[in-house]
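Chains as they are written, first to last, in numbering that gives the first Met the number 0: chain A, 0 to 764; chain B, 0 to 113.
Straight-line C-alpha distance at most 20 Å; calculated DMTMM-like pairs for lysine to aspartate or glutamate:
1) B:2 / A:55
2) B:94 / A:29
3) A:749 / A:527
4) A:759 / A:675
5) A:661 / A:631
6) B:94 / A:42
7) B:15 / A:29
8) A:84 / B:23
9) B:2 / B:35
10) A:227 / A:242
It should be emphasised that the hints constitute simulated quantities derived from the structure, not laboratory data. Please read all numbers here as calculations on a predicted model, not as lab measurements.
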Amino acid sequence: MADFGIGVPDELARLSLGNGAEQQASRAPDMNSAGIVAVDITDRFSLAVKTLEPGELVKDEFFTLFESVGALEIMDPKMDSGCIKPGDEFEELYDVRQPLLPEEVLGIIDQLICHEMSWHLGYPLSQTLFTSVYVEALSMPNPVGIEQAIFVRDPKDKSNDQPMLQVLRAYCLGLLKACGYVNERVRAEHSYEEEDFVTNTYNRTLLANVPTDAIRAAITEAKGLLQKLRSDSGHSYRAEVIDALEVRLELRDIFLQATECPQYIKEPNLAQIPWQQGISLLPALKSTHHLCKPVDDSFSAKLQRKLASTIPPRPIVQLGFDDAFENLTRLFQDGLEIIGVLQYTDTQCLQACVSALQSKKPQPLVYVRTLLQTFLFDAMEVLGSMSIRQLIDDDLSIITLPASPLLDRANDEIEVVHDPRFIVSQQMEFFRQRAAQPFLDILRTLCQNRCRVRRTLCHTVRAWDNLQVDAEEVDQVVQAQLKESPLSHMFLDATQHADSLPLSLSSWAYFYKLRQMEWIVQLGFELEVYQGDELAGMYWYLNYLAKCRLRHLERIKSFTVRRAEEIRALKTHENVYAGLQTRQLERSLSFVRLSLLDAAATWELSDALSCLYTVLGRLGLVKPPGRPYSNDEFRYELRMKPFASIGLPELPSFEDFTAGTKQPGTSTDDILEYCERSLMGAKRAFETMTRLPPAESFSVGSHERWLGTAKNALKSCIAAGLVVKTIQVALRKREKADLKFKVEIPTPDKAYHDWWLIPKLTPLP
Amino acid sequence: MEKDEGQEYLRSLLNKDIRILITDGRIFRGAFKCTDQHQNVVLAQTFEYRQPSTQQREAAAAAAEVAGRSPATLTMDLTSRYLGLVVVPGHHIIKMELEQFASQVRNAPAATVI
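The following block holds chain A by itself, in its conformation from the complex (with noise of 0.2 Å):
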């Protein structure tokens, strides 16, 4: 089996280029070289400057003056890092020798947790674990193997045998290490480096030359020393300390080999061992953390010097410990989860679970996130075993192919070119071919960070609108072949044909693309793009395209219903596959049911907000903020940007976007009677959806956070309902008066659910 990802970036790290130790440091040129003299020209120098006239230059003619904004000034505290102020030292003085008290260890591995996680946050190392005068002593020079990985390095020099300070190195060992794991997964997967994480070592290898073996036993080693001091009475440490240390060890230890957890893709139980183990140990580590001693001057800023870069120091970030634990606790916990994913069902399931961990709160560290990029898609193959052909397949064939001669893998073995069914199976290639990127981007947007996934669905979205005209196009070629009956069915308008062809591919493409739109808009709720007075037109929106996708699910179902009696009319006895047939339509059946559902619970919130909204506009509940520089037709044509060039569903014009907002013929007593009927209807649809079980709600291996999200729709659905019940009874009593009410717009993180957001109305005394 090969190995995912682990080891290999340890060969790379010492070819790349990047990443090579001392690779500038090597060309400084000698300055006594015997081939080369100095002659002193300074006073020469001096003199013919004198003779320049005040701002005239002598300069080369291919040096710009734009590139010598980029010039570093020598001596300047901001932006010279060798620029050392009068009385200061350059070198950190801190000596690694000396003696420390297991307290004092316990002190500095838990200030490193604190800045390894602030690293995991988006911190740069040089200003984070590079300011530890222990992880310098290790990392520079470079090691090139574990016995030159000590503090001290002259072996004969006796201060690295002390116990705590063997104990030290080994948990930075392991510290380094694992740091070197995370940033080459991160490095290899897709991240915003000025967003989420910084990648760059500072030359530095991260012990990329030390094999993890090593530095495992290195940590048993300690652990033994640990261990040994715990029966020897011969000293004074106190026993819970040692307890403590060896708790950290363990950790780190089990750290190490979550980092390699990859290796086990095709063995989901085994690689989630050292996450489980991880998420035990971490009581004890918390317990534990008030035995520290902190000793903070073996953290500085001078060592940013040292590092390949011209920034000047920074200040150390400071993460407080409580903070960072709950980020460690968070990081096993969600690295516990991804490895869920693994346990594949069906790509809806695994497009919901997915989507349910992406959009947990806060979202998971961007190390776990690209480890899900890694099970997703490492080595051309997802999930580790999966191909694309049967992910495509396998997701076609719940949507809107089930139980199709399309799908049969059988087609692939004719070879007479004029078998309908040789053509059939090269165009499926072709648009396999055709839709693997667009269909695998869904999935590899997702693991970015919420902000980015908005921004991608929107170019996204237009892939997959090519992607439908394409497939329309394969479905012609494919219908001439197969002689599909056409469908006379009655979900059509009388203005369209009466008869209409399935379309599969084109109606699986158009189906994606819907809900990528709806994405969008909702992510919007979620990111709080819009302002309060812009929450009718998007609920508005929203709801136009909610709309769209159930009428096509609707279109979708009765060519489903069609293929399962076209079924069932074969006798059993002629139909070999009939098992596997009706399975497959069952399950189908049980998607466009969920679909629908899920569609319909959509239209209706959404009505019932886009009114309420208005109703709040009208009676000047919500009011616009100024906008001296915009109008109303301006802020439509840029929210609508996204959409604007999607062919289908059509952009509605503006005038009735704002007619279908502002609603003018309507009284607000019956816009809200409306409103009333939408939240009822809506209500139903979401408790019906959280009735289904996991298998049928495509929620195997997420339902509880599925469940959790439905059911928070619920009771955004409630809610809405009580605010319209509120307004009404205000409204009755009113005599002439204006309605007393505050009106606030909850953030998402305040609202039940993050794309429903209900305003909350407190009575003005």
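Once you have looked at the hints, place chain B on chain A.
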């Protein structure tokens, strides 16, 4: 010095490797790119060289003594790092040197150590 002569001299130094000693004892070595009336100097592909700290000197002297050599004739490497493009402000400049190949210097070589 005449204006033309001064400019010509400065221009002749362009892109030559120059060493600049500044007030805090550091030496910068890089290709001369630009200067102005205040003797602010722009160097490209610059390396910074720093004299050993007192602590390092003492440590090296102690080591030499242990090894049985005289600390008086001790030689130590300057610590160096790459900086790239820098501006050295004129008022911090103590000494400037031009690097030349020994084989191309007609006159007797000047002192090599700043």
